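Taking the hints into account, I'd like the entire structure generated from these sequences.
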Amino acid sequence: MVKAEKKEQSASTHKIGIYMWIWGLLFVLSFFSYMVDWYNFQGMLRWSLILFFMFLKAGLIMAFFMHLFWERYALVNVLLWPMTAIACFIFLMVAEFEYTLFSRAFYFVVGGGA
Amino acid sequence: MSDEYDNNKSYQAQSSETMGGSAPASPDMDYVRPAETPDQELYHGHSFITKWVFCQDAKVIGVQYFLTAVFTGIVGLILSWLMRLQLGFPGAAGFMTAEHYYQFVTMHGMIMVVYFLTALFLGGFGNYLIPLMVGARDMVFPYVNMISFWMFFIAVAVLMASFFVPGGPTGAGWTLYPPQTILPGTPGAGMGILLMLVSLSLFVIGFTMGGLNYLITILQARTRGMTLMRMPLTVWGIFTATVLAMLAFPALLVSAIMMTLDKILGTSFFMPTILQAGEVLEYGGGSPILFQHLFWFFGHPEVYIVALPAFGIVSDLISVHSRKNIFGYRMMVWAIVGIGALSFFVWAHHMYVSGMNPWFGFFFATTTLIIAVPTAMKVYNWILTLWRGNIRLNTVMLWCLGFIVTFVNGGITGIFLGNVSVDVPLSDTYFVIAHFHMVMGIAPLMVIMGAVYHWFPLVSGKFLDEKLGKWHFWLTFLGAYSIYFPMHYLGFIGVPRRYFEMYDSPYMTSAVGMNEFISMAAFIVGAAQFILIYNIIRTLKVGKKAGQNPWKANSLEWLTSTVPPEHGNFGERLPVVHRWPYDFSVPGAKDDFITQTTPPSEVVHTEVEKT
Amino acid sequence: MSDPQIEGLQLKPGFKGMSEDTGSDQTMFKGVHWGKAMMWIFLLSDTFVFSCFLISYMKGRGSTLVDWPYPSEVFALHVGGVSVPLLLIAIMTFVLITSSGTMALAVKYGYEKNRKMCGWLVLATALGGLTFVGMQAFEWTKLIEEGVRPWENPFGAAQFGSFFFMITGFHGTHVSIGVIFLFIYAYKVFAGHYENGGKRGWFTTMKGDYVEIEILGLYWHFVDLVWVFIFAFFYLW
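Residue numbers (the working numbering), protein chains in the order written: chain A, -8 to 105; chain B, 14 to 624; chain C, 37 to 273.
Watch out, some of these pointers could steer you wrong.
What the hints assert, rightly or not - Derived CB-CB ranges, DEER-like:
1) Trp163/B x Leu47/C: 36 to 42 Å
2) Leu16/A x Ile216/C: 25 to 31 Å
3) Asn232/C x Lys6/A: 52 to 58 Å
4) Val386/B x Met74/A: 23 to 29 Å
5) Lys52/C x Ile167/B: 33 to 39 Å
If you are wondering where the hints come from, they were derived from the structure by calculation, not from laboratory data.
Remember, it's a predicted structure, so these values are computed and weren't measured experimentally.
A virtual CB, placed ideally from N, CA and C, is assigned to each residue, including glycine.
Here it is in structure tokens:
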């Protein structure tokens, strides 16, 4: 019985090294995203770098610190599908703020074309 | 204890103690693998307070939710009477000003959608039925469940308090569109709107606690043998609606927080530059349309939060009372899930005339028409379930049939409104009022009524009176159609919604007689609902005893150790499930129903299919 | 965490396992504690809350005609006469990631039933969280002294202050709640509530178990996760 318990424990924990690695990577990635601002990159380069580091960090935290990498797919699946609704919302709101910006510029600055 | 329950001696043979670790060499046909988690320990209340007030039994919490929701529903009903009084007979209610009218419209809408229907279906039926139907002793977190109800109770109290503050409740319409909602000139723009926003936030917090319970109970605490595809459709409907609620209410919470800040701190999230009486207000630069997006990102799933439990419940009622298995069970499940998923992609069809990006109309009209497909499949399946069934035309079945007709009516007008070019002229007319009252007012209400007549024998152990029930049904059904059919016509001739008076334009005066007729019908339908209350009180006193499983249904809630079920639901042992809950009229079977707990070895000689 | 052992059921890995888990009876998430499943679903709901906040922020910022304040300068800190952009934010990020790491280790030691290590690491996490909240209070004070208010600010669009205080405030509230619970659970670990079969918790009939530390950890990592997004969208954009 004691032996079985021991075995179960070792199965459910991971080597400390993996946490240390992720921890270190998070620091490095945060440093990099800070550097994006430090070196004052602009335009698409800035955007893609910010988003790249952001998603990488978020992915690492979720996968390893929150153990999603080791969870069974049934749980992962349930958690990730709803993000499509968020993605759709973001996508449409980008279109919406561009339209709002256009109409504001058109009516308030240009004067409505009258 | 019932015969059904006692006869299942096979429980003992399969209990986890005797089964041992490994599966038997030759798999016994009745084998169900042992329980994964130990039996839940329950906190049993001893005093009156822990048993009936701060109670941790999901069934009592369900009844508490039900009664509180019905109370708010009656308030909403009285408000609708007052509105109809004004519309049908202007000036008949002497105290009624335009401000009062707007306040009543707003409170009627908010109460009916959020505090009545949502709370009743998820809080009331969800709490009562989920643990019973999936074979659990209780919700997984009974304490949190209890807090959930009391948060709801406080939310209702705060909402009702807004009737008594200076300025009265908010009169901005249930959609609470800024900027007018929080500006002077709108009734209740002071305390009224604040209390509304606080109340909504409390409701969301309380509901989140309850919703987590429903979801985890369904996902993680089913009994042995209960797979997802053996759950009654009621549970599927409530489950999917709860998922929608968990993901949609955040948008409401966020918009409530932002509007509260706009109101209290003077931020301009939703407030553009505004001229008021010639003066420029402090506000500026905000986006009213952002609120509309947030609100409808919540608001459209909310429609399905109300509709999906109704879909689920009515499927079960139809199946039981026509003694036939539900037609296309898997299709029904996937339709519920599909409608739920799609409901997050259709929200801006409420905003065609709002001034949003004009291209959105194309996207949202398309998704709206797509969502009609699984909905229509469900209607076909209900009809095919009835087809050549052994229909018992009792009160429950009448309500179900009423639901199907009403839902089809309301659904078809929904397809009209989903198309931009048809919607634009019909926007903000009585056609819209008629549409959504049919599809998410009357239709779910009919299911609620059917469900009350169906499950009352379980909750109280007594049958509701059939004669009174039929009066209740016919008055409601015919009355509701008298109210809402003419409204479609009013919409076509262009009568706008939310108008205090109809004024004297030619088409308005032509509608006077019709408005009077609608109002009369509304008074009668409203009054007819009190037949149910009378019926319940009478039944509790002198009703006919129901006994165990009076409808000869299959699902687990009828197989409890006692009627009404005690705390812990199933006595000593939890039931073991071997099949879906729809094995009715199976050729060769002894009875015309085979309960979910009947092991395969008892029905080998029948033509029952493996489920 | 890793695949659990379940009596009478052969768990399969990958997508095959996913469909079998979903189709099986009793539980959908095999071997997942009720509380842990609840925390995950709650976090999913909370994700929608923060997403709605950030989407509103995007909509507000994207459609403004007035210039948006330049975050690199607004959030700069003057150290010895030199203006260092985002210095405080960088330190706050450092602190929060540090506390996230200690939390991850606390969960690991908890499952190894190493009471001392687990307790100290939870306590360290709590202190990290407290530092973060303190620095956020400092940041708010500094901005308010510079004239930034929820309804106006001297740097540009009024919505800047509105969104900043609302979103960081909401995140800070999450951190503060987390800190309170971290202290409570540090006490519970040290007091041995999870040892010898577990002590009955408050308001529940369930026995305590080190899985509660993982549940707490999930919440704490989520707070960190949100900060990653706030950092990117608020300070770097």
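Verification of the hints:
1. Trp163/B x Leu47/C: 36 to 42 Å: holds (40 Å)
2. Leu16/A x Ile216/C: 25 to 31 Å: Between Leu16/A and Ile216/C, where Cβ atoms are some 30 Å apart, the hint holds.
3. Asn232/C x Lys6/A: 52 to 58 Å: For Lys6/A against Asn232/C, whose Cβ atoms are near 27 Å apart, the range 52 to 58 Å is violated.
4. Val386/B x Met74/A: 23 to 29 Å: holds (24 Å)
5. Lys52/C x Ile167/B: 33 to 39 Å: Violated - the Cβ-Cβ distance for Lys52/C and Ile167/B, about 47 Å, lies outside 33 to 39 Å.
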